[in-house]
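Throw the hints in and build the complete structure from the sequences for me.
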Amino acid sequence: MSLNDILDCLFPAGHAVAVNNKVITGEATTAQGTVAVLGTTDAAAIDHAMALALSGFILDTVEQHPGRPLVFLVDTSGQALSRSQELLCLNGSLAHLAQCVDLARRQGHASLSLVTANAVSGGFLSFGLMADRAYALADAQVRVMDLRAMARVTKIAHERLVELAADSPIFAPGAESYVRMGAIETIWPAPSASLLENALAAARQAAPASDQRHSSGLQRGGRQLAADITKTVQNAACGA
482 MSLNDILDCL FPAGHAVAVN NKVITGEATT AQGTVAVLGT TDAAAIDHAM ALALSGFILD
542 TVEQHPGRPL VFLVDTSGQA LSRSQELLCL NGSLAHLAQC VDLARRQGHA SLSLVTANAV
602 SGGFLSFGLM ADRAYALADA QVRVMDLRAM ARVTKIAHER LVELAADSPI FAPGAESYVR
662 MGAIETIWPA PSASLLENAL AAARQAAPAS DQRHSSGLQR GGRQLAADIT KTVQNAACGA
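Per my numbering, residue 482 is the first one in the sequence shown, and the count goes up by one each step.
It is worth saying that the hints were derived from the structure and are not from the lab. All of these numbers come straight from a predicted model, not from anything done at the bench. Backbone N, C-alpha and C fix where the C-beta goes; we use that ideal spot for every residue, glycine too. Do not take every clue at face value.
As the list claims (entries may be wrong) - Derived CB-CB ranges, DEER-like: (1) Ala683 with Gln705: 23 to 31 Å; (2) Leu562 with Met482: 21 to 29 Å; (3) Val500 with Ser673: 20 to 28 Å.
Structure representation (C-alpha coordinates):
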(Lines of atoms letter the chains of each structure in order from A and count residues from 1; the text may use other names and numbers.)
(Lines give C-alpha, C1' and ligand atoms only; values in the text may rest on other atoms or scores of the structure.)
Protein backbone atom coordinates (compact mmCIF):
# COMPACT_ATOMS: atom_id res chain seq x y z
CA MET A 1 0.00 0.00 0.00
CA SER A 2 1.38 3.41 -0.95
CA LEU A 3 1.88 6.22 1.55
CA ASN A 4 -0.92 8.25 -0.05
CA ASP A 5 -3.32 5.31 0.27
CA ILE A 6 -2.39 4.92 3.94
CA LEU A 7 -2.91 8.65 4.56
CA ASP A 8 -6.28 8.58 2.79
CA CYS A 9 -7.42 5.66 4.95
CA LEU A 10 -6.21 7.23 8.19
CA PHE A 11 -7.37 10.78 7.46
CA PRO A 12 -10.44 10.73 5.18
CA ALA A 13 -11.29 14.28 6.33
CA GLY A 14 -8.11 15.54 4.70
CA HIS A 15 -4.35 15.79 5.08
CA ALA A 16 -1.54 18.05 3.95
CA VAL A 17 1.63 16.01 4.15
CA ALA A 18 4.94 16.49 2.34
CA VAL A 19 7.77 14.02 1.80
CA ASN A 20 11.34 15.28 1.54
CA ASN A 21 14.30 12.89 1.54
CA LYS A 22 11.97 10.12 2.79
CA VAL A 23 10.93 12.27 5.78
CA ILE A 24 7.20 12.83 6.27
CA THR A 25 5.96 16.10 7.79
CA GLY A 26 2.61 17.81 7.77
CA GLU A 27 -0.79 17.83 9.40
CA ALA A 28 -4.13 16.08 9.07
CA THR A 29 -7.72 16.49 10.15
CA THR A 30 -9.41 14.03 12.51
CA ALA A 31 -12.69 14.00 14.38
CA GLN A 32 -10.73 15.16 17.42
CA GLY A 33 -9.07 18.04 15.63
CA THR A 34 -5.83 18.64 13.76
CA VAL A 35 -2.87 16.35 14.38
CA ALA A 36 0.77 16.67 13.40
CA VAL A 37 1.92 13.87 11.08
CA LEU A 38 5.57 12.94 10.77
CA GLY A 39 7.81 9.97 10.17
CA THR A 40 9.66 8.14 7.44
CA THR A 41 8.76 6.19 4.32
CA ASP A 42 10.29 3.86 1.72
CA ALA A 43 12.28 1.89 4.32
CA ALA A 44 14.37 4.97 5.10
CA ALA A 45 17.74 4.45 6.75
CA ILE A 46 17.60 7.36 9.18
CA ASP A 47 20.67 9.55 8.91
CA HIS A 48 21.84 12.72 10.65
CA ALA A 49 19.81 15.04 8.40
CA MET A 50 16.62 12.98 8.74
CA ALA A 51 16.89 12.84 12.52
CA LEU A 52 17.36 16.60 12.73
CA ALA A 53 14.47 17.22 10.32
CA LEU A 54 12.12 15.14 12.48
CA SER A 55 13.44 16.80 15.64
CA GLY A 56 12.94 20.26 14.18
CA PHE A 57 9.37 19.47 13.17
CA ILE A 58 8.56 18.25 16.68
CA LEU A 59 10.05 21.37 18.26
CA ASP A 60 8.16 23.60 15.83
CA THR A 61 4.92 21.81 16.71
CA VAL A 62 5.53 22.24 20.44
CA GLU A 63 6.22 25.95 19.95
CA GLN A 64 3.53 26.81 17.41
CA HIS A 65 0.73 24.34 18.21
CA PRO A 66 0.64 23.61 21.96
CA GLY A 67 -0.98 20.31 22.80
CA ARG A 68 -1.39 19.16 19.19
CA PRO A 69 -1.20 15.33 19.07
CA LEU A 70 1.66 13.70 17.18
CA VAL A 71 1.08 10.79 14.79
CA PHE A 72 4.28 9.01 13.76
CA LEU A 73 4.27 6.89 10.61
CA VAL A 74 7.14 4.42 10.75
CA ASP A 75 8.82 2.81 7.76
CA THR A 76 12.53 2.54 8.43
CA SER A 77 15.29 0.02 7.79
CA GLY A 78 17.14 1.37 10.82
CA GLN A 79 19.85 3.94 11.31
CA ALA A 80 22.15 4.80 8.41
CA LEU A 81 25.32 2.72 8.52
CA SER A 82 28.38 4.57 7.29
CA ARG A 83 31.59 6.03 8.65
CA SER A 84 30.51 9.53 7.65
CA GLN A 85 27.32 9.23 9.69
CA GLU A 86 29.28 7.99 12.69
CA LEU A 87 31.66 10.94 12.37
CA LEU A 88 28.63 13.24 12.35
CA CYS A 89 27.63 11.63 15.67
CA LEU A 90 24.46 10.00 14.39
CA ASN A 91 23.99 8.44 17.83
CA GLY A 92 23.73 11.95 19.26
CA SER A 93 21.23 13.01 16.60
CA LEU A 94 19.04 9.97 17.32
CA ALA A 95 19.27 10.68 21.05
CA HIS A 96 18.26 14.28 20.36
CA LEU A 97 15.23 13.03 18.40
CA ALA A 98 14.18 10.81 21.29
CA GLN A 99 14.57 13.73 23.70
CA CYS A 100 12.36 15.90 21.49
CA VAL A 101 9.61 13.28 21.60
CA ASP A 102 9.94 13.19 25.39
CA LEU A 103 9.84 16.99 25.56
CA ALA A 104 6.62 17.02 23.54
CA ARG A 105 5.11 14.46 25.91
CA ARG A 106 6.04 16.56 28.94
CA GLN A 107 4.48 19.58 27.27
CA GLY A 108 1.15 17.79 26.91
CA HIS A 109 1.37 16.42 23.35
CA ALA A 110 -0.20 12.96 23.15
CA SER A 111 1.52 10.73 20.61
CA LEU A 112 1.12 7.43 18.84
CA SER A 113 3.08 5.61 16.17
CA LEU A 114 1.97 3.26 13.41
CA VAL A 115 4.43 0.90 11.73
CA THR A 116 3.31 0.91 8.11
CA ALA A 117 5.98 -1.39 6.66
CA ASN A 118 9.40 -1.76 8.34
CA ALA A 119 10.58 -0.93 11.85
CA VAL A 120 14.19 -1.83 12.46
CA SER A 121 16.77 -1.07 15.11
CA GLY A 122 17.69 2.50 16.08
CA GLY A 123 15.45 3.96 13.40
CA PHE A 124 12.44 2.57 15.28
CA LEU A 125 13.74 3.01 18.81
CA SER A 126 14.50 6.72 18.44
CA PHE A 127 10.98 7.88 17.64
CA GLY A 128 8.46 5.10 16.90
CA LEU A 129 8.87 3.38 20.25
CA MET A 130 9.16 6.76 22.00
CA ALA A 131 5.47 7.47 21.30
CA ASP A 132 2.94 6.99 24.10
CA ARG A 133 1.56 3.98 22.25
CA ALA A 134 2.81 2.05 19.23
CA TYR A 135 0.73 0.11 16.71
CA ALA A 136 1.57 -1.88 13.58
CA LEU A 137 -0.18 -2.94 10.41
CA ALA A 138 -0.68 -6.67 9.93
CA ASP A 139 2.03 -7.03 7.28
CA ALA A 140 4.60 -4.86 9.08
CA GLN A 141 8.10 -6.20 9.71
CA VAL A 142 9.41 -5.31 13.17
CA ARG A 143 12.79 -6.27 14.58
CA VAL A 144 15.79 -4.82 16.34
CA MET A 145 18.33 -7.18 14.88
CA ASP A 146 18.29 -10.07 12.43
CA LEU A 147 19.04 -13.38 14.13
CA ARG A 148 22.15 -13.93 12.00
CA ALA A 149 23.49 -10.51 12.97
CA MET A 150 22.59 -11.25 16.59
CA ALA A 151 24.55 -14.49 16.36
CA ARG A 152 27.64 -12.61 15.19
CA VAL A 153 27.35 -10.06 18.01
CA THR A 154 26.47 -12.40 20.86
CA LYS A 155 28.59 -15.36 19.68
CA ILE A 156 25.54 -17.58 20.23
CA ALA A 157 25.02 -20.06 17.41
CA HIS A 158 22.33 -19.05 14.94
CA GLU A 159 20.62 -22.42 15.36
CA ARG A 160 20.39 -21.84 19.12
CA LEU A 161 18.90 -18.37 18.61
CA VAL A 162 16.27 -19.86 16.30
CA GLU A 163 15.37 -22.30 19.08
CA LEU A 164 15.17 -19.49 21.63
CA ALA A 165 13.06 -17.36 19.30
CA ALA A 166 10.48 -20.14 19.11
CA ASP A 167 9.77 -19.75 22.85
CA SER A 168 10.78 -16.19 23.69
CA PRO A 169 9.56 -13.06 21.88
CA ILE A 170 12.66 -11.23 23.10
CA PHE A 171 14.65 -13.06 20.43
CA ALA A 172 11.93 -13.39 17.80
CA PRO A 173 11.35 -10.80 15.07
CA GLY A 174 7.84 -9.83 14.01
CA ALA A 175 5.11 -7.47 15.17
CA GLU A 176 3.42 -10.26 17.13
CA SER A 177 6.52 -10.68 19.30
CA TYR A 178 6.53 -6.98 20.10
CA VAL A 179 2.86 -7.17 21.07
CA ARG A 180 3.70 -9.96 23.53
CA MET A 181 6.50 -7.85 24.97
CA GLY A 182 4.16 -4.88 25.38
CA ALA A 183 6.13 -2.65 23.03
CA ILE A 184 3.30 -2.61 20.47
CA GLU A 185 -0.24 -2.15 21.76
CA THR A 186 -2.12 -3.98 19.01
CA ILE A 187 -1.86 -4.96 15.35
CA TRP A 188 -4.25 -3.28 12.92
CA PRO A 189 -5.53 -5.39 10.00
CA ALA A 190 -5.40 -2.27 7.79
CA PRO A 191 -5.00 1.49 8.17
CA SER A 192 -8.27 2.76 9.61
CA ALA A 193 -9.64 6.15 10.61
CA SER A 194 -11.75 4.60 13.37
CA LEU A 195 -8.81 2.70 14.84
CA LEU A 196 -6.75 5.88 14.70
CA GLU A 197 -9.47 7.86 16.47
CA ASN A 198 -9.65 5.25 19.25
CA ALA A 199 -5.86 5.25 19.60
CA LEU A 200 -5.76 9.05 19.79
CA ALA A 201 -8.44 9.04 22.46
CA ALA A 202 -6.52 6.45 24.50
CA ALA A 203 -3.28 8.42 24.20
CA ARG A 204 -4.99 11.63 25.30
CA GLN A 205 -6.62 10.00 28.31
CA ALA A 206 -3.38 8.45 29.56
CA ALA A 207 -1.36 10.31 32.17
CA PRO A 208 1.85 11.86 30.76
CA ALA A 209 4.14 9.48 32.64
CA SER A 210 1.93 6.35 32.62
CA ASP A 211 3.98 4.08 30.37
CA GLN A 212 2.62 0.62 31.09
CA ARG A 213 4.57 -1.35 28.50
CA HIS A 214 6.52 -3.29 31.10
CA SER A 215 3.25 -4.29 32.80
CA SER A 216 1.68 -5.25 29.47
CA GLY A 217 4.72 -7.38 28.66
CA LEU A 218 4.32 -9.20 31.97
CA GLN A 219 0.58 -9.77 31.51
CA ARG A 220 1.08 -11.05 27.95
CA GLY A 221 3.89 -13.39 28.97
CA GLY A 222 6.51 -11.71 26.82
CA ARG A 223 8.64 -10.00 29.48
CA GLN A 224 8.74 -11.76 32.82
CA LEU A 225 11.33 -9.62 34.64
CA ALA A 226 11.06 -6.04 33.35
CA ALA A 227 8.19 -4.94 35.63
CA ASP A 228 9.85 -6.19 38.82
CA ILE A 229 13.23 -4.72 37.87
CA THR A 230 11.59 -1.36 37.10
CA LYS A 231 9.82 -1.38 40.45
CA THR A 232 13.08 -2.25 42.26
CA VAL A 233 14.91 0.62 40.59
CA GLN A 234 12.08 3.07 41.37
CA ASN A 235 11.99 1.99 45.00
CA ALA A 236 15.76 2.35 45.28
CA ALA A 237 15.59 5.84 43.76
CA CYS A 238 12.83 6.88 46.18
CA GLY A 239 14.80 5.47 49.09
CA ALA A 240 17.87 7.44 48.06
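Now the hints, each set against the structure:
1. Between alanine 683 and glutamine 705 the beta carbons are some 25 Å apart, a value that agrees with the proposed interval 23 to 31 Å.
2. Taking 21 to 29 Å as the suggested C-beta distance range, the pair leucine 562 and methionine 482 conforms, at roughly 27 Å.
3. The hinted window of 20 to 28 Å between valine 500 and serine 673 holds, with their beta carbons roughly 22 Å apart.
Checked against the numbered hints given earlier, the structure satisfies every one of them.
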